[in-house]
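S.K.: Put chain B on the given structure of chain A with help from the hints.
Protein chains in written order, with my numbering: chain A, 89 to 475; chain B, 89 to 475.
There's no promise every hint is true.
Computed list of lysine to any residue pairs in SDA-like fashion (alpha-carbon distance at most 20 Å, straight line) [claimed, not checked]:
1. B/Lys-209 with B/Arg-236
2. A/Lys-368 with A/Arg-246
3. B/Lys-326 with B/Arg-236
4. B/Lys-371 with A/Gly-401
5. B/Lys-368 with A/Leu-124
6. A/Lys-368 with B/Ala-344
7. B/Lys-368 with B/Asn-292
8. A/Lys-368 with B/Met-196
9. B/Lys-371 with B/Ala-344
10. B/Lys-326 with B/Asp-289
11. A/Lys-368 with B/Ser-275
12. B/Lys-368 with A/Gly-401
13. B/Lys-371 with A/Leu-124
14. B/Lys-326 with B/Ser-275
15. A/Lys-368 with B/Lys-371
16. B/Lys-363 with B/Asp-281
17. B/Lys-368 with A/Gln-122
18. B/Lys-368 with B/Leu-411
19. B/Lys-371 with A/Gly-451
20. A/Lys-368 with B/Lys-368
21. A/Lys-326 with A/Arg-246
22. A/Lys-363 with A/Arg-456
Hint data in this document are derived by calculation from the structure and do not stem from the laboratory.
These numbers were taken from a predicted model, which means no experiment stands behind them.
There are 2 protein chains.
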Amino acid sequence: MAGVHCRLKTNPEKPDLTLVESETPAVAAGVYTQNLVHAAPVALDRQRTPSDRIRAVVINSGNANACTGERGMDDARRMAALAAAVCGAAPEEALVMSTGVIGHFLPMDKIEQGIAAAAVKLGASPRNLESAARGILTTDTVPKIASRVVAVDGREIRVTGFAKGAAMIGPNMATLLGLVLSDALLSPQTAQDALTAAVDDSFNCISVEGHTSTNDTVLLLANGAAGGEPLAGSALAKFQNALGEVCGELARAIPADGEGVTHLVTLDVAGCATKADARKIAKTVAESALVKTAIAGADPNWGRIVSAAGYAGVPLDPDRISLRVNGTLLFDSGAPVDFDAAAVSASIRAQRDVHVDLRFGEGAASIRFWTTDLTAEYVRLNADYHT
Amino acid sequence: MAGVHCRLKTNPEKPDLTLVESETPAVAAGVYTQNLVHAAPVALDRQRTPSDRIRAVVINSGNANACTGERGMDDARRMAALAAAVCGAAPEEALVMSTGVIGHFLPMDKIEQGIAAAAVKLGASPRNLESAARGILTTDTVPKIASRVVAVDGREIRVTGFAKGAAMIGPNMATLLGLVLSDALLSPQTAQDALTAAVDDSFNCISVEGHTSTNDTVLLLANGAAGGEPLAGSALAKFQNALGEVCGELARAIPADGEGVTHLVTLDVAGCATKADARKIAKTVAESALVKTAIAGADPNWGRIVSAAGYAGVPLDPDRISLRVNGTLLFDSGAPVDFDAAAVSASIRAQRDVHVDLRFGEGAASIRFWTTDLTAEYVRLNADYHT
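One chain only, chain A, in its complex shape:
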């Protein structure tokens, strides 16, 4: 892999195009934005995954190739074909991702130069991985990389991923992108099932402001270079676990690096009838501007959290709601509790991580969700930037 600069971004220090090659055909799976207004690369990859023959992935930052119509589709197809060509693969054996401004056509001359430049820099060193991870960033302040090695039947299987963005928090920049690479041997359907399950508990459990991007994509490439039999049973379980950890680490890194963010909130929602209910409540609480501003102000304002749960659209008994913040009980079975508000406020102020634990009496389903606070700096960044 390699990340290079091809003038999509103005700062020449910042790579803006990443090329990843698998020397042998890889199984590939994808999970995509649910936004009906989706970008050309999303439409293309959706057609091409799951697959058992992907050789290359090319990703650009600085331009989302979204809302660009037929010409955008042609550009995405051409970008994939160029990447495939430099890897000696057939045009349809490549996938493509884009992130950046919406509504502008890709400068295909720059893209072509970038792919050619990346092709001669391909390598497997940690430095290559870092340049690849940097090539997909937009307003992120740090690259996001996670790795696990699992031993399966005496073999080592590696799972390494990188990701960018935070929902759609950047000024006019869009998108969450993630690419997870493994040498595990998987069938296309197993790869798709594994990725869908991992994303469900990671990238689909984060929110900054809840604005679903046009370009969200997470891809898994697994080329089987580790050898052995296709993973199944306990071996597959170990791989799934490592994949889940890599996706979880990358997903948490996104709100943690959100613009203007001063707190990363881990939100546990438990005691729900279904996991879908738990997710709905978590998302509603996570996206309440009043909850987010309270956390920014280190205010243990339980009324905002409990009332947000109440409008999530999930049937629940208000008298069986309990809430803890940073371990302190604030609300117990539907009633306020006497607690040391100054101490809880101090505990929020003291550290970047905040733990909100919301319990219901409807069942046994639960979810862990990550979100951010909402600061004046976020507003400044997103209001003062001009297209």
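M.R.: Just chain B now, kept in the frame of chain A:
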């Protein structure tokens, strides 16, 4: 009616309790919060409406009587009974509303003194109306009053309302409250149908940050003092129209007075398959932090608006979306349009009102919705306030 100060608020200049009496039994209808975590006065009024025998409404600000359990229900019942008593009515002939901090018991001694003080100040002058409208305010900067007179069969029917709040924008203050009074003669069911329809197109078409309060209540009292037959047919249509105008004027006044707000956005969504679809899209666009910050920054960022519509959960063809801001076409049938971005930005900056017109190709249903921008001042007000 009258508004008095009874020490629920610290500032003695600010009335915090409002009493409204109908000299004859009035038909009463109510529309309430959809939040499952709802306050005691909401539960009480829900039991008592629609009705044909309401004589009094008592409203306090400064304390929401929400999340207060059985004692809260007892307090709401007692507050209604005290109001009924000073009006010479039976205990169950009064309704009650509360707004303010969540999770504190009502100071019933102050409430009792306030009701006694209001009883001796009751009157029908414009000054009484203004003190009543002020008695229900929390962080509002201005009272919100609207009035219409309609001629029906040679008689004048009056419709006068007042309201407070803005979704749940105040620091730890909750709630939208509205009270509409009329001398029209209506059956309880007609009153309920009329209010539900009017609220659907007014108070249910506004959003500040989308946080549904525990206390939202809009009541209609109509005592028939104008005389004549119970309204039906064209007479009822005229009344419905006046009621809709009063509710619309009050509803728009709420986001217009939102904390830290610098723009009031009128959002027209048209060309949808159903009105429910149009409402869902309008609400999603209105509550996108990225849309709201763009408007605060006078940035004609159509990508944020169009992509918000795309994740509203409504089936739609992206190639049939068009968007105008302040009359200028920015996005036409799924494709970007060349437009003078500086001129559109200047038009947003030049005035407090912004018009966003979003059209789809799915059908003939439409909705008009009102929302606000999102400023650093809103965040400051809601983060820096402490419970």
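S.K.: Each of the hints needs a verdict: does it hold here or not?
M.R.: Here is what the structure says about each hint:
no.: 1; hint: B/Lys-209 with B/Arg-236; result: violated (25 Å)
no.: 2; hint: A/Lys-368 with A/Arg-246; result: violated (34 Å)
no.: 3; hint: B/Lys-326 with B/Arg-236; result: holds (11 Å)
no.: 4; hint: B/Lys-371 with A/Gly-401; result: holds (15 Å)
no.: 5; hint: B/Lys-368 with A/Leu-124; result: holds (14 Å)
no.: 6; hint: A/Lys-368 with B/Ala-344; result: violated (30 Å)
no.: 7; hint: B/Lys-368 with B/Asn-292; result: holds (11 Å)
no.: 8; hint: A/Lys-368 with B/Met-196; result: violated (38 Å)
no.: 9; hint: B/Lys-371 with B/Ala-344; result: holds (17 Å)
no.: 10; hint: B/Lys-326 with B/Asp-289; result: holds (16 Å)
no.: 11; hint: A/Lys-368 with B/Ser-275; result: violated (40 Å)
no.: 12; hint: B/Lys-368 with A/Gly-401; result: holds (14 Å)
no.: 13; hint: B/Lys-371 with A/Leu-124; result: holds (17 Å)
no.: 14; hint: B/Lys-326 with B/Ser-275; result: holds (16 Å)
no.: 15; hint: A/Lys-368 with B/Lys-371; result: holds (17 Å)
no.: 16; hint: B/Lys-363 with B/Asp-281; result: holds (18 Å)
no.: 17; hint: B/Lys-368 with A/Gln-122; result: holds (16 Å)
no.: 18; hint: B/Lys-368 with B/Leu-411; result: holds (17 Å)
no.: 19; hint: B/Lys-371 with A/Gly-451; result: violated (31 Å)
no.: 20; hint: A/Lys-368 with B/Lys-368; result: holds (16 Å)
no.: 21; hint: A/Lys-326 with A/Arg-246; result: holds (11 Å)
no.: 22; hint: A/Lys-363 with A/Arg-456; result: holds (10 Å)
The structure does not agree with the numbered hints 1, 2, 6, 8, 11 and 19 stated previously, though it agrees with the rest.
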